[in-house]
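Go ahead and model the full structure; you've got the sequences and the hints to work with.
Take a look at the letters that make up each chain.
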Amino acid sequence: MDSCNCIEPQWPPDDLLMKYQYISDFFIALAYFSIPLELIYFVKKSAVFPYRWVLVQFGAFIVLCGATHLINLWTFTMHTRTVAMVMTTAKVFTAVVSCATALMLVHIIPDLLSVKTRELFLKNKAAELDREMGLIRTQEETGRHVRMLTHEIRSTLDRHTILKTTLVELGRTLALEECALWMPTRTGLELQLSYTLRQQNPVGYTVPIHLPVINQVFSSSHAVKISPKCPVARIRPAGKYMPGEVVAVRVPLLHLSNFQINDWPELSTKRYALMVLMLPSDSARQWHVHELELVEVVADQVAVALSHAAILEESMRARDLLMEQNVALDLARREAETAIRARNDFLAVMNHEMRTPMHAIIALSSLLQETELTPEQRLMVETILKSSNLLSTLINDVLDLSRLEDGSLQLDLGTFNLFAVFREVLNLIKPIASVKKLHVSLNLAPDLPEYAIGDEKRLMQTILNVVGNAVKFSKEGSISITAFVAKSELLRDSRTPEFFPVPSDNHFYLRVQVKDSGVGISPQDIPKLFTKFAQTQSTATRNSGGSGLGLAICKRFVNLMEGHIWIESEGLGKGCTAIFMVKLGIPERSNEPKLPFMPKVPTNHGPTAFPGLKVLVMDENGVSRMVTKGLLVRLGCDVTMVSSSEECLRVVSHEHKVVFMDVCVPGMDGYEVAIRINEKFTKRHERPVIVALTGNTDKVTKENCMRVGMDGIILKPVSLDKMRSVLSDLLEHRVLFEAI
Amino acid sequence: MEVGQMQRRLVDYTKSLFMEGFLDAQFLQLQQLQDESNPDFVVEVVSLFFDDSEKLLNDLTMALDQPNVDFKKVDAHVHQLKGSSSSIGAQRVKNACIAFRSFCEEQNIDATLRCLQQVKQEYYLVKNKLETMLRVKQQIVAAGGSIPMIELGF
Numbered sequence: 001m002d003s004c005n006c007i008e009p010q011w012p013p014d015d016l017l018m019k020y021q022y023i024s025d026f027f028i029a030l031a032y033f034s035i036p037l038e039l040i041y042f043v044k045k046s047a048v049f050p051y052r053w054v055l056v057q058f059g060a061f062i063v064l065c066g067a068t069h070l071i072n073l074w075t076f077t078m079h080t081r082t083v084a085m086v087m088t089t090a091k092v093f094t095a096v097v098s099c100a101t102a103l104m105l106v107h108i109i110p111d112l113l114s115v116k117t118r119e120l121f122l123k124n125k126a127a128e129l130d131r132e133m134g135l136i137r138t139q140e141e142t143g144r145h146v147r148m149l150t151h152e153i154r155s156t157l158d159r160h161t162i163l164k165t166t167l168v169e170l171g172r173t174l175a176l177e178e179c180a181l182w183m184p185t186r187t188g189l190e191l192q193l194s195y196t197l198r199q200q201n202p203v204g205y206t207v208p209i210h211l212p213v214i215n216q217v218f219s220s221s222h223a224v225k226i227s228p229k230c231p232v233a234r235i236r237p238a239g240k241y242m243p244g245e246v247v248a249v250r251v252p253l254l255h256l257s258n259f260q261i262n263d264w265p266e267l268s269t270k271r272y273a274l275m276v277l278m279l280p281s282d283s284a285r286q287w288h289v290h291e292l293e294l295v296e297v298v299a300d301q302v303a304v305a306l307s308h309a310a311i312l313e314e315s316m317r318a319r320d321l322l323m324e325q326n327v328a329l330d331l332a333r334r335e336a337e338t339a340i341r342a343r344n345d346f347l348a349v350m351n352h353e354m355r356t357p358m359h360a361i362i363a364l365s366s367l368l369q370e371t372e373l374t375p376e377q378r379l380m381v382e383t384i385l386k387s388s389n390l391l392s393t394l395i396n397d398v399l400d401l402s403r404l405e406d407g408s409l410q411l412d413l414g415t416f417n418l419f420a421v422f423r424e425v426l427n428l429i430k431p432i433a434s435v436k437k438l439h440v441s442l443n444l445a446p447d448l449p450e451y452a453i454g455d456e457k458r459l460m461q462t463i464l465n466v467v468g469n470a471v472k473f474s475k476e477g478s479i480s481i482t483a484f485v486a487k488s489e490l491l492r493d494s495r496t497p498e499f500f501p502v503p504s505d506n507h508f509y510l511r512v513q514v515k516d517s518g519v520g521i522s523p524q525d526i527p528k529l530f531t532k533f534a535q536t537q538s539t540a541t542r543n544s545g546g547s548g549l550g551l552a553i554c555k556r557f558v559n560l561m562e563g564h565i566w567i568e569s570e571g572l573g574k575g576c577t578a579i580f581m582v583k584l585g586i587p588e589r590s591n592e593p594k595l596p597f598m599p600k601v602p603t604n605h606g607p608t609a610f611p612g613l614k615v616l617v618m619d620e621n622g623v624s625r626m627v628t629k630g631l632l633v634r635l636g637c638d639v640t641m642v643s644s645s646e647e648c649l650r651v652v653s654h655e656h657k658v659v660f661m662d663v664c665v666p667g668m669d670g671y672e673v674a675i676r677i678n679e680k681f682t683k684r685h686e687r688p689v690i691v692a693l694t695g696n697t698d699k700v701t702k703e704n705c706m707r708v709g710m711d712g713i714i715l716k717p718v719s720l721d722k723m724r725s726v727l728s729d730l731l732e733h734r735v736l737f738e739a740i
Numbered sequence: 001m002e003v004g005q006m007q008r009r010l011v012d013y014t015k016s017l018f019m020e021g022f023l024d025a026q027f028l029q030l031q032q033l034q035d036e037s038n039p040d041f042v043v044e045v046v047s048l049f050f051d052d053s054e055k056l057l058n059d060l061t062m063a064l065d066q067p068n069v070d071f072k073k074v075d076a077h078v079h080q081l082k083g084s085s086s087s088i089g090a091q092r093v094k095n096a097c098i099a100f101r102s103f104c105e106e107q108n109i110d111a112t113l114r115c116l117q118q119v120k121q122e123y124y125l126v127k128n129k130l131e132t133m134l135r136v137k138q139q140i141v142a143a144g145g146s147i148p149m150i151e152l153g154f
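From first to last, the protein sequence lines are chains A and B.
The numbering of the first sequence is full-length UniProt numbering, which starts it at 1 and goes up by one.
The numbering of the second sequence is full-length UniProt numbering, which starts it at 1 and goes up by one.
Simulated from the structure, these hints should not be mistaken for laboratory data.
Heads up, a few of these hints could be off.
[Unchecked claim] If you only want the chain A side, here are some residues facing chain B, beta carbon under 7 Å, derived:
1) 338
2) 342
3) 344
4) 623
5) 626
6) 627
7) 630
Glycine is no exception: its CB is placed at the ideal position from the N, C-alpha and C atoms.
As structure tokens, this is what we get:
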């Protein structure tokens, strides 16, 4: 052997095993060298690799391992000590590096593993987020559906459309198999299947309303899951299906009958309908919370829409009712107007037509009185006169009353002698009272003014009526009339709380009390006294006659004079007191009171004839002209007749003292004539007195006459007496305003 | 025949006229206005009435014959006739005139023609009656009797 430092392998190199080892080592070395190369190559390629240092270490470790195995190749044959040294160094290095790497890996591998875990975690998270996204999208979509549904439901006010739309849209949105609406029947004891989604005309199933499941649904405002087997859910014929889940929700119904026009419906009387929704059978779908919420929202919207529809129906009904009422009221108003016009026409006709025959009767009877009559005949004629005067008064009363009711009556104010009025009344009543042996006394207070401003005629009418009643209803005893100025403390009477008189400087309240000791009135009859045409039932009063209008008219006159009238009585048989207060004006001291108004009753019979009095009569109608002429000729006048206005103007002269004109011909220019006559005679004492003859004493005629300067109006019928007194008044005073 | 009988006949006849409504109380008033100073008052008034009415009726017939009836004029005529008849006491004529006027207001041609006929009819009737009565009165006066007073049996 040589002394080279060769080391001999243990085994001969030709051994087969050695050969295999030699090849394996070679390949191992190859692999060990290529692995790091690959690693570097791929790591370079990838951007993210956190552990480069580890890679380097690992690379070094592998390279060294490869080197070791490579060097091992030389050890299979005889090799020098250097090779062995290199080999050993290599191995040592390798050992060091591998241990270092191993140590390093202890740190590294958990990290690497945790990376993997995190990756898994993130993947899960991503999957979850995906799911949630899907959910949100679904919700948003259902929200959109709800809005659309609501819009659809609310876009119509027709009940059927609302319900049908609801079912259709719900079915579409939730992909339902069946959707049904059960409405309560009229009796409220059953639920009837009214609308379904799939079937066109649902057969009228009914289900009693007091089932526990239905109560459960009605008592909760949420959608409730119910069993598919309960009666309301058994809409589809049961087949081989595995029924899907069913949900029911209540729909509050605000029924028409719950709506009063003025009240809101009470919550306790709510009726509910039932909406049942079925998921498709044989699907694994379940009701999700958001779907239930959708259903509840829709149910509420439907309730609102239905209530709107109900309100609309109600308001249309109310409007129709109002229109009907309007029409009826309009008709009633027109009928009333027609009635009023008919009455006015009637009155206008009566005004004229009734007085014309009265003209004849009164004229005739008064003329008859002038002739030679036997006592029985005279009595008969007097009865006729009395009756016709009563009738005339009645006609005037009725006319007055109707004018009072119309409100068209106005007081004729003027200054008059108050004392004279009372004296007049006394004079008129004394004869009748003395016949009945009643004592009448009049007490006028010292502070009562002698002259007052008011409507003399109507005041006298009132006093006369009241005193007349007192006389009429007393069979014996006395009547006392007291008149005084009412002081302010006394003005307010506890019995008449509605009457608040307010005295002032130029007015005073005249209070008149008429006390009688007659039959009296029972307290329950007192309110009826002032009613038109009402009479107390007792036979005594019945026989006294009268139409019952008197007190009604008095009351209205008194009211027009801003006063108050009432009657007190302690009962039947105890007499009664009639009291009234009226407001009168106080005349100025400085003026002499004018006397433009003549009292209604002629105070004296003046001259019985007017010999030679020149009178001009203008009347278009020949016959009526002749009649008037006849009357005047009877009174001794010298009558000139004209039949037209031109003739009148031509003929009239200062010799004529009185001109009578008929002004009730329509369109005639009688007024014009009056104006012309006024113009013709500038001096008042030369001018004849112009008097209008007419059958119409309404305000218009009177105003026209006054306007053209006529001195008076005479209402036909004219009796001889009236004509006589008219002429005497005219000649005495040169003014008369109305002679009725 | 003798005066008493004639007088009774007159009274009955006059009464019947009142009962049947041909005349009303206005006519009696006219009779009362007749006295010694005015002996023919009634006759004069009645004749005047006849003349007036004939003229008015002719005017009315002509007015209603026109193609365009002037209702105002017709109304004016009827008003006159109404006035005359009421002054004399011819009650039925007056009532017919009232109806006539209301149709005039309505401007109803057919109704007014009918009314005209009715007015004419009433007028001729009352004219007849009045002429008879006046004739009897004349006969009584000629025979020396006096016109009896009509008693009013109201």
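Going through the hints against the structure:
Contact between residue 338 (chain A) and chain B, as hinted, is not supported at the beta carbon level, the nearest pair being about 15 Å apart and thus beyond 7 Å. About 13 Å separates the beta-carbon of residue 342 (chain A) from the nearest beta-carbon of chain B, more than 7 Å, and the hint is not met. The interface hint given for residue 344 (chain A) is broken, as the beta carbon of that residue sits about 15 Å from the closest beta carbon of chain B, more than 7 Å. With a least beta-carbon distance of about 4 Å to chain B, the hint placing residue 623 (chain A) at the interface is held under the 7 Å criterion.
The restraint placing residue 626 (chain A) at the interface with chain B holds, with a minimum CB-CB distance near 5 Å, inside the 7 Å limit. The restraint placing residue 627 (chain A) at the interface with chain B holds, with a minimum CB-CB distance near 5 Å, inside the 7 Å limit. Using the Cβ-Cβ criterion of 7 Å, the hint placing residue 630 (chain A) at the interface with chain B is satisfied: the shortest such distance is roughly 4 Å.
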